[in-house]
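Enquirer: Sequences are here, hints too, so could you generate the full structure?
To convert, take the position in the sequence shown, counting from 1, and add 2; that gives my numbering.
Worth flagging that the hints you see were computed from the coordinates, not collected in a lab.
Just so it is clear, CB atoms sit at the ideal spot from N, CA and C, and this is done for glycine as well.
Fair warning: there could be bad hints in the mix.
Computed spacing ranges between beta-carbons, pair by pair [said to hold, decoys possible]:
#: 1; residue 1: N319; residue 2: Y352; range: 25 to 33 Å
#: 2; residue 1: G103; residue 2: Q359; range: 30 to 38 Å
#: 3; residue 1: E183; residue 2: S138; range: 22 to 30 Å
Below 27 Å or equal to it, Euclidean Cα-Cα: the simulated DSS-like pairs (lysine-lysine) are [as the list claims (entries may be wrong)]:
#: 4; residue 1: K106; residue 2: K351
#: 5; residue 1: K262; residue 2: K15
#: 6; residue 1: K355; residue 2: K32
#: 7; residue 1: K370; residue 2: K229
#: 8; residue 1: K40; residue 2: K370
#: 9; residue 1: K229; residue 2: K15
#: 10; residue 1: K15; residue 2: K53
#: 11; residue 1: K375; residue 2: K32
#: 12; residue 1: K229; residue 2: K351
#: 13; residue 1: K45; residue 2: K339
#: 14; residue 1: K315; residue 2: K370
#: 15; residue 1: K229; residue 2: K262
#: 16; residue 1: K351; residue 2: K32
#: 17; residue 1: K200; residue 2: K154
#: 18; residue 1: K15; residue 2: K182
#: 19; residue 1: K190; residue 2: K200
#: 20; residue 1: K74; residue 2: K382
#: 21; residue 1: K339; residue 2: K370
#: 22; residue 1: K65; residue 2: K200
#: 23; residue 1: K339; residue 2: K145
#: 24; residue 1: K62; residue 2: K40
#: 25; residue 1: K382; residue 2: K370
#: 26; residue 1: K97; residue 2: K53
#: 27; residue 1: K62; residue 2: K15
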Amino acid sequence: MIIKHFTDNDLYKFSVMLAIQRLYPWAYVKYEFINRGKTLFPKGFAERLQKEVNAMAKLKMTKTEKSFITQKCYYFDPVFIDFLEGYQYDPEEVKITLENGELKVVVEGYWYRTVLWEVPLMAIISELYFQMTNISPENVEEKAINKALLLKEMEADHSDFGTRRRFSFDVHNRIIACLKEHSGTYFKGTSNVYLAMKYNTTPIGTMPHEWFMFHGAVYGYRAANAKALDAWVDVYQGSLGITLTDTYTTETFFQSFNLKHAKLFDGVRWDSGDPLAYTDNTIRFYEESRIDPLTKTIVYSDSLNLDRIKEIKQYVNGRIHDAYGIGTFFSNDVGAKPLNMVIKLVQVKYDAKNKYQYAVKLSDTPGKNTGNKEEIELIKRTLGIND
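Expert: In structure tokens:
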């Protein structure tokens, strides 16, 4: 098995799972694998992937994992943690095909259940691909230690966001060990709950784009951001307070980010577009709202490397608290070309009886738009977005 631990998954999948159960237990959804890099997969890949998916049914939360989540994830209620202890993956929710090297993966079922598949599926696809193409990692500790020391020198608060496109679990594990040892207090934690437990650090993460995508599909795109934020607050009452802004572009988000939300949420996450312009726009928004930017945080998380982080940090120049969620650059910078892939929500219905509605994501980088093209054009017209 590539996934050997139930909590070898990102915190945000568990946090949104609770919110779904609390508010939308009848929601039914479909996810699809999107191969942005047009990678061709080797013969037999689908069969190997299916074996790994089938093996996921055997995963169970251990008492040690339960104890860690109870201690660290204080925002999860005991009923939900008990539910996780009894949760079992259902391989029937995942359909896999491979034709002429083109991999197709579709996940379908009740949203509160299928939400956990995305991250481990992507981790399996990545690790399995490198296994079957006989690629070995290089200079794992050397590179990780160097990054940790330079980030420490820059005084850059950083976390690991690398589960989905990691080279392998082993590489990911070794890198977290290096970061924990060499980054000092600037290493704030990892999105991976199991590795957070193993290295006694903080599990990091809040909400995914799919949370906003669902609300856009169900309630309309003008109301999507406000509805999604209100729903999150209803569940978490101020905890897990970093919000994404770019599901339907950041400009649109700030138009609906009211004073209550702006004060209640701890900050925002940059995940597409120009980080320097984003910094200025965010600081301007807080200042115009009479909120001291120094009390808020921007988490930068898109395609980061050391040069990019240095550029952003120098530009921020202490005007707002800056933190860095680093993914592939940590977990798959070992001599291989990382897979350019995502698994995204593509269709939703409020309950299993209704018709599917398209779920789409824009972004501040047009090339990162995902979903039905006609629906994306409809959103642009609805929200007055010009390319």
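Enquirer: Does each hint fit the structure? Answer for all of them.
Expert: Now for the hints, and whether the structure bears them out:
1. The beta-carbon spacing between N319 and Y352, approximately 46 Å, falls outside the hinted interval of 25 to 33 Å.
2. In this structure the supplied range 30 to 38 Å holds for G103 paired with Q359, their Cβ-Cβ distance being about 32 Å.
3. Distance hint for E183 and S138: a CB-CB separation of about 24 Å, consistent with the stated range 22 to 30 Å.
4. Using a Cα cut-off of 27 Å, the hinted pair K106 and K351 holds, with the two alpha carbons roughly 22 Å apart.
5. Under the criterion of a C-alpha separation no larger than 27 Å, the hint pairing K262 with K15 is consistent with the structure, at around 26 Å.
6. With a CA separation close to 14 Å, the supplied pair K355 and K32 stays within the 27 Å bound.
7. Between K370 and K229, the direct Cα distance comes to roughly 23 Å. Compliance with the 27 Å bound is thereby established for this hinted pair.
8. About 14 Å separates the Cα atoms of K40 and K370, which keeps this hinted pair within 27 Å; it holds.
9. Taking the CA atoms of K229 and K15, the gap is near 19 Å; set against the 27 Å cutoff, the hint holds.
10. Distance hint between K15 and K53 is fulfilled; the C-alpha atoms sit about 23 Å from each other, no more than 27 Å.
11. Between K375 and K32 the alpha-carbon distance is near 17 Å, which keeps this suggested pair within the 27 Å criterion.
12. Proposed proximity of K229 and K351 is supported: the alpha carbons are some 16 Å apart, at most 27 Å.
13. Using a Cα cut-off of 27 Å, the hinted pair K45 and K339 holds, with the two alpha carbons roughly 19 Å apart.
14. At roughly 24 Å between alpha-carbon atoms, K315 and K370 fall within 27 Å of each other, so this suggested pair holds.
15. Simply put, K229 and K262 have alpha-carbon atoms about 13 Å apart, close enough for the 27 Å limit, and the pair holds.
16. Straight-line distance between C-alpha atoms of K351 and K32 comes to about 9 Å, which keeps the hinted pair within the 27 Å bound.
17. Restraint check for K200 and K154: satisfied, since their Cα atoms lie roughly 22 Å apart, inside the 27 Å limit.
18. Restraint check: the Cα-Cα separation between K15 and K182 comes to about 23 Å, which is no more than 27 Å; the hinted pair holds.
19. The hinted pair formed by K190 and K200 meets the criterion: a straight-line CA distance of about 14 Å does not exceed 27 Å.
20. Taking the CA atoms of K74 and K382, the gap is near 41 Å; set against the 27 Å cutoff, the hint is violated.
21. With a CA separation close to 19 Å, the supplied pair K339 and K370 stays within the 27 Å bound.
22. The hinted pair formed by K65 and K200 meets the criterion: a straight-line CA distance of about 14 Å does not exceed 27 Å.
23. Restraint check for K339 and K145: the C-alpha separation of about 16 Å stays at or below 27 Å, so the hint holds.
24. About 34 Å separates the Cα atoms of K62 and K40, which puts this hinted pair outside 27 Å; it is violated.
25. With a CA separation close to 15 Å, the supplied pair K382 and K370 stays within the 27 Å bound.
26. In summary, the hint linking K97 to K53 is supported, as the alpha carbons are separated by about 12 Å, within the 27 Å threshold.
27. Restraint check: the Cα-Cα separation between K62 and K15 comes to about 16 Å, which is no more than 27 Å; the hinted pair holds.
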